[in-house]
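Engineer: Fit chains G, B, C, H and X to the supplied structure of chain L, relying on the hints for placement.
Protein chains: 6
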Amino acid sequence: MTRAFYIGRFQPYHNGNQYVLEQIAETADAIVIGVGSAQLSHEKENPFTAGERILMITGSLKRIPIPVYVIPIEDIKRNALWVAHVRSMVPPFDLIYSSNPLVMRLFAEETIPVQSPAMYERELHSGTEIRRRILKGEDWEQLVPGPVAEVIREIGGVERIRQIARDDCDVNDCSPDRWL
Amino acid sequence: MTRAFYIGRFQPYHNGNQYVLEQIAETADAIVIGVGSAQLSHEKENPFTAGERILMITGSLKRIPIPVYVIPIEDIKRNALWVAHVRSMVPPFDLIYSSNPLVMRLFAEETIPVQSPAMYERELHSGTEIRRRILKGEDWEQLVPGPVAEVIREIGGVERIRQIARDDCDVNDCSPDRWL
Amino acid sequence: MTRAFYIGRFQPYHNGNQYVLEQIAETADAIVIGVGSAQLSHEKENPFTAGERILMITGSLKRIPIPVYVIPIEDIKRNALWVAHVRSMVPPFDLIYSSNPLVMRLFAEETIPVQSPAMYERELHSGTEIRRRILKGEDWEQLVPGPVAEVIREIGGVERIRQIARDDCDVNDCSPDRWL
Amino acid sequence: MTRAFYIGRFQPYHNGNQYVLEQIAETADAIVIGVGSAQLSHEKENPFTAGERILMITGSLKRIPIPVYVIPIEDIKRNALWVAHVRSMVPPFDLIYSSNPLVMRLFAEETIPVQSPAMYERELHSGTEIRRRILKGEDWEQLVPGPVAEVIREIGGVERIRQIARDDCDVNDCSPDRWL
Amino acid sequence: MTRAFYIGRFQPYHNGNQYVLEQIAETADAIVIGVGSAQLSHEKENPFTAGERILMITGSLKRIPIPVYVIPIEDIKRNALWVAHVRSMVPPFDLIYSSNPLVMRLFAEETIPVQSPAMYERELHSGTEIRRRILKGEDWEQLVPGPVAEVIREIGGVERIRQIARDDCDVNDCSPDRWL
Amino acid sequence: MTRAFYIGRFQPYHNGNQYVLEQIAETADAIVIGVGSAQLSHEKENPFTAGERILMITGSLKRIPIPVYVIPIEDIKRNALWVAHVRSMVPPFDLIYSSNPLVMRLFAEETIPVQSPAMYERELHSGTEIRRRILKGEDWEQLVPGPVAEVIREIGGVERIRQIARDDCDVNDCSPDRWL
Numbered sequence: 001m002t003r004a005f006y007i008g009r010f011q012p013y014h015n016g017n018q019y020v021l022e023q024i025a026e027t028a029d030a031i032v033i034g035v036g037s038a039q040l041s042h043e044k045e046n047p048f049t050a051g052e053r054i055l056m057i058t059g060s061l062k063r064i065p066i067p068v069y070v071i072p073i074e075d076i077k078r079n080a081l082w083v084a085h086v087r088s089m090v091p092p093f094d095l096i097y098s099s100n101p102l103v104m105r106l107f108a109e110e111t112i113p114v115q116s117p118a119m120y121e122r123e124l125h126s127g128t129e130i131r132r133r134i135l136k137g138e139d140w141e142q143l144v145p146g147p148v149a150e151v152i153r154e155i156g157g158v159e160r161i162r163q164i165a166r167d168d169c170d171v172n173d174c175s176p177d178r179w180l
Numbered sequence: 001m002t003r004a005f006y007i008g009r010f011q012p013y014h015n016g017n018q019y020v021l022e023q024i025a026e027t028a029d030a031i032v033i034g035v036g037s038a039q040l041s042h043e044k045e046n047p048f049t050a051g052e053r054i055l056m057i058t059g060s061l062k063r064i065p066i067p068v069y070v071i072p073i074e075d076i077k078r079n080a081l082w083v084a085h086v087r088s089m090v091p092p093f094d095l096i097y098s099s100n101p102l103v104m105r106l107f108a109e110e111t112i113p114v115q116s117p118a119m120y121e122r123e124l125h126s127g128t129e130i131r132r133r134i135l136k137g138e139d140w141e142q143l144v145p146g147p148v149a150e151v152i153r154e155i156g157g158v159e160r161i162r163q164i165a166r167d168d169c170d171v172n173d174c175s176p177d178r179w180l
Numbered sequence: 001m002t003r004a005f006y007i008g009r010f011q012p013y014h015n016g017n018q019y020v021l022e023q024i025a026e027t028a029d030a031i032v033i034g035v036g037s038a039q040l041s042h043e044k045e046n047p048f049t050a051g052e053r054i055l056m057i058t059g060s061l062k063r064i065p066i067p068v069y070v071i072p073i074e075d076i077k078r079n080a081l082w083v084a085h086v087r088s089m090v091p092p093f094d095l096i097y098s099s100n101p102l103v104m105r106l107f108a109e110e111t112i113p114v115q116s117p118a119m120y121e122r123e124l125h126s127g128t129e130i131r132r133r134i135l136k137g138e139d140w141e142q143l144v145p146g147p148v149a150e151v152i153r154e155i156g157g158v159e160r161i162r163q164i165a166r167d168d169c170d171v172n173d174c175s176p177d178r179w180l
Numbered sequence: 001m002t003r004a005f006y007i008g009r010f011q012p013y014h015n016g017n018q019y020v021l022e023q024i025a026e027t028a029d030a031i032v033i034g035v036g037s038a039q040l041s042h043e044k045e046n047p048f049t050a051g052e053r054i055l056m057i058t059g060s061l062k063r064i065p066i067p068v069y070v071i072p073i074e075d076i077k078r079n080a081l082w083v084a085h086v087r088s089m090v091p092p093f094d095l096i097y098s099s100n101p102l103v104m105r106l107f108a109e110e111t112i113p114v115q116s117p118a119m120y121e122r123e124l125h126s127g128t129e130i131r132r133r134i135l136k137g138e139d140w141e142q143l144v145p146g147p148v149a150e151v152i153r154e155i156g157g158v159e160r161i162r163q164i165a166r167d168d169c170d171v172n173d174c175s176p177d178r179w180l
Numbered sequence: 001m002t003r004a005f006y007i008g009r010f011q012p013y014h015n016g017n018q019y020v021l022e023q024i025a026e027t028a029d030a031i032v033i034g035v036g037s038a039q040l041s042h043e044k045e046n047p048f049t050a051g052e053r054i055l056m057i058t059g060s061l062k063r064i065p066i067p068v069y070v071i072p073i074e075d076i077k078r079n080a081l082w083v084a085h086v087r088s089m090v091p092p093f094d095l096i097y098s099s100n101p102l103v104m105r106l107f108a109e110e111t112i113p114v115q116s117p118a119m120y121e122r123e124l125h126s127g128t129e130i131r132r133r134i135l136k137g138e139d140w141e142q143l144v145p146g147p148v149a150e151v152i153r154e155i156g157g158v159e160r161i162r163q164i165a166r167d168d169c170d171v172n173d174c175s176p177d178r179w180l
Numbered sequence: 001m002t003r004a005f006y007i008g009r010f011q012p013y014h015n016g017n018q019y020v021l022e023q024i025a026e027t028a029d030a031i032v033i034g035v036g037s038a039q040l041s042h043e044k045e046n047p048f049t050a051g052e053r054i055l056m057i058t059g060s061l062k063r064i065p066i067p068v069y070v071i072p073i074e075d076i077k078r079n080a081l082w083v084a085h086v087r088s089m090v091p092p093f094d095l096i097y098s099s100n101p102l103v104m105r106l107f108a109e110e111t112i113p114v115q116s117p118a119m120y121e122r123e124l125h126s127g128t129e130i131r132r133r134i135l136k137g138e139d140w141e142q143l144v145p146g147p148v149a150e151v152i153r154e155i156g157g158v159e160r161i162r163q164i165a166r167d168d169c170d171v172n173d174c175s176p177d178r179w180l
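Chains as they are written, first to last, in the numbering used here: chain L, 1 to 180; chain G, 1 to 180; chain B, 1 to 180; chain C, 1 to 180; chain H, 1 to 180; chain X, 1 to 180.
Here chain L stands alone, though its shape is the one from the complex:
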């Protein structure tokens, strides 16, 4: 019985994430998905709450025939404690899938096996690109599973991204307390 761990911010969840998880589902017996930076929302780079992202992911993974755990992971901002933090919040897992060098390094220093998943048209399927398209009014719905587009519409996600973007704060300075 192999439980695999996969983590992302999912701002929003997209077809690239879906492709990777479908690959993992072919070999693992269960999947644990960490929703990173769970405490962030209503920012240009992080428009959606953890709850909204969980809804997107579970809606998209209904067809996967193995157990899937979707767990919000709040930042702790101390890299040396991050693996212990993740492990305390999710069911035990046997290996992790990640192509992020820092994530790979932190798990490797704890001697946990890491695999890099094959990516699917990475430049197109990225949260950055999708948020940019939503902001500019370009087509974005084709890049995400149907249930994701539905959640974004229901919560007024397009309007939220556009209104937040009018803020003159930059990416490191986007809390409501930062206006002039």
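Just so you know, these hints were derived from the structure itself, not from any lab. Heads up, some of the hints might be wrong.
No distinction is drawn between identical chains; accordingly, a pair holds when it is met within one copy or between any pair of copies.
Stated by the list, open to error - With a straight-line Cα cutoff of 20 Å, these simulated SDA-like cross-link-like pairs (lysine to any residue) come out:
| hint | residue 1 | residue 2 |
| --- | --- | --- |
| 1 | Lys136 | Ala165 |
| 2 | Lys62 | Arg3 |
| 3 | Lys44 | Val83 |
| 4 | Lys44 | Arg3 |
| 5 | Lys44 | Gly156 |
| 6 | Lys62 | Gly146 |
| 7 | Lys77 | Ala165 |
| 8 | Lys44 | Glu129 |
| 9 | Lys77 | Gln163 |
| 10 | Lys136 | Glu123 |
| 11 | Lys44 | Asp75 |
| 12 | Lys44 | Met1 |
| 13 | Lys44 | Glu109 |
| 14 | Lys136 | Arg166 |
| 15 | Lys44 | Ser99 |
| 16 | Lys44 | Ala108 |
| 17 | Lys77 | Arg160 |
| 18 | Lys62 | Ala149 |
| 19 | Lys136 | Ile155 |
Structural biologist: Showing chains G, B, C, H and X alone in chain L's frame:
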């Protein structure tokens, strides 16, 4: 479509929780379960990590025919922000089930509908009683669903509870930094 | 020009506080009032939010003819930093009035002058006694200035104290995450 | 009875803020002013403590004939909790005045009415411009109410801004721990 | 080369600690001493700052012929992360000496070797007993190494303990914000 | 008896730090070294843990004939409290050596004497330059004391810096939760 919210610490998850959730499942279309004080573990009152508790709950709810979300909720220690905290971490819900007066008050002040679930032999089916029995070596397995007993055995939960109990720290003073 | 500092939790503000502040107002040119444990509310010992307490205090001090600053002070739980924390949050002051030994000690170690105000029927005029009377349905309104009773009524404060008290959590364990 | 809420960082308070508040005072019965990022000081973008900013604001608003509450608001860095945080710290209010898109969005999602105040020569009257002038030795006193200039002089604010600016840390990296 | 880890709160450091460390020094090549609850001070149970405690310890260990590292460890209040926290703050170590069951459990779950040191008249040589004697004016200096008594005298430690004790706050409620 | 305080991030400790400390050791009776941003590690700008940095420093200072205290200092991100934070964590000191304008300002506002140490080929001897050389495979060992090079080799520090650098996160966005 009605999504119901139910929250507890689940230290551990027991037949009383199971009874309530099976009742809720008969009327709701989906259930969101918050695992409270998610950041606590290895304490007399809070022996299990959030990940271990999630495993107990999902193992016990396999037969429930509606979608179930099991989400860790870290404490924020500011009651006036607690409802907003919960709502940001979980999918949107329509009503909550709780018999805790403070939880009921906090949701009611935000005008969210609250219902008190019928309880099932409450004195017997409580985390306090089950932890006491584990500690004293009395029979406890009959008070929890099978998968819960299995998780506790696999993680060495009985030994953990007994070793922690040898600590002379009291309930408010149980961090490892508190010895003399 | 002498600015005096006075601090309390004001759960709720009462005639004893009013008496002390009227005494201070006779010698100082301005008063800075710190509302301590500002982040706490909806607890048996701390039922009211900082905003509600500020409303009680300013309503009661309308007649005082010198400038009054009412400032919420969140706990930092590090005594060695507490004086620096207070000083960063409030306008500069010249002396403090307190009869709390720890407050007196912390300011004295920073060589800030401390005076102990004359108290007014201390056992009767205490937050503890007033909260007890509200809970038990005994007469409490005579112990607080008129505007305080008005604020408590408007926000449903009596009902809040009574509902929270039904919680079986004890004083150190009153967050909503602590139920069984 | 209408209580209006207005929030800013006030680094420092200036004639543009004063203009807006005088407008609000003509229609509201009371004003609540939130001093945002209250925990920050001694940074290029945030040179003044909350206490110093409160002194600037109250000194400038002496002539306003309605009650004014000036309340420090510490950052919480979780946008989804920010409105609840603000509301717990200040007296209840009926509408907010803001031209910051994120603030407007966050309050609107909680269905609290938002109005955009008319601005007064916005480019000139901004904290950024005033801090730049102080740093460069250009005339800045005409951009702030008299009491603000007085506070800045008394606390050695000009020297503080200039000394901090010699730091080679950039705006996101200005804590004392960040030198090489 | 064996580096041993030993942790305590050292409120204050006493002959029992000294006895254990002298034993450890006979077999280890270096000792790492963690000063737990480093952020606490000016409390009945935690009267001394981390800096004061470091001074006591290093003064008492001058004669030990192997390298000694004395490191403050702030509480993190998440037991599942505590071992990772400690390990990030101190030089690498090979085994730990502790007789605290929770500390032993947490290290053992990370498969780090734990040894229980022989204790020396434990009831007499405890921080609790020494603080009690200081408070009551009984003889305490014989229970601590000479340099500890000297540090306590120099910082006015006796007066601090007595003044703090006049506070009516109990052990869980000793921050300056907790008075009535 | 003069105790001097010196603070840096020491990512890593280098010959420039060594030069300054040897100068200080000629006039002071004891040195307290604060290891700043102690909670950070595994970042491009902060690759090493506090424990690793303490090992580098103590290994390099074996020959210094006066007592040396090496103390990790976690960030608190509130400049107005930073001096109180430092003072609570380290033994009392009489003057500080720093060439960082913000550190100088914060201590000066608390009327603690500050001296600027003579620097030694500052551009060459900086953590930034050494990390750049490690990353690029250029010669860096000549810029640090021998024990520092040894620690970096033993912990796999070169590989850590290179692997982390493959991350596409920028300097303000380097937590593991920030990937796309």
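Engineer: Which hint numbers does the structure go against, in order from smallest to largest?
Structural biologist: 4, 12
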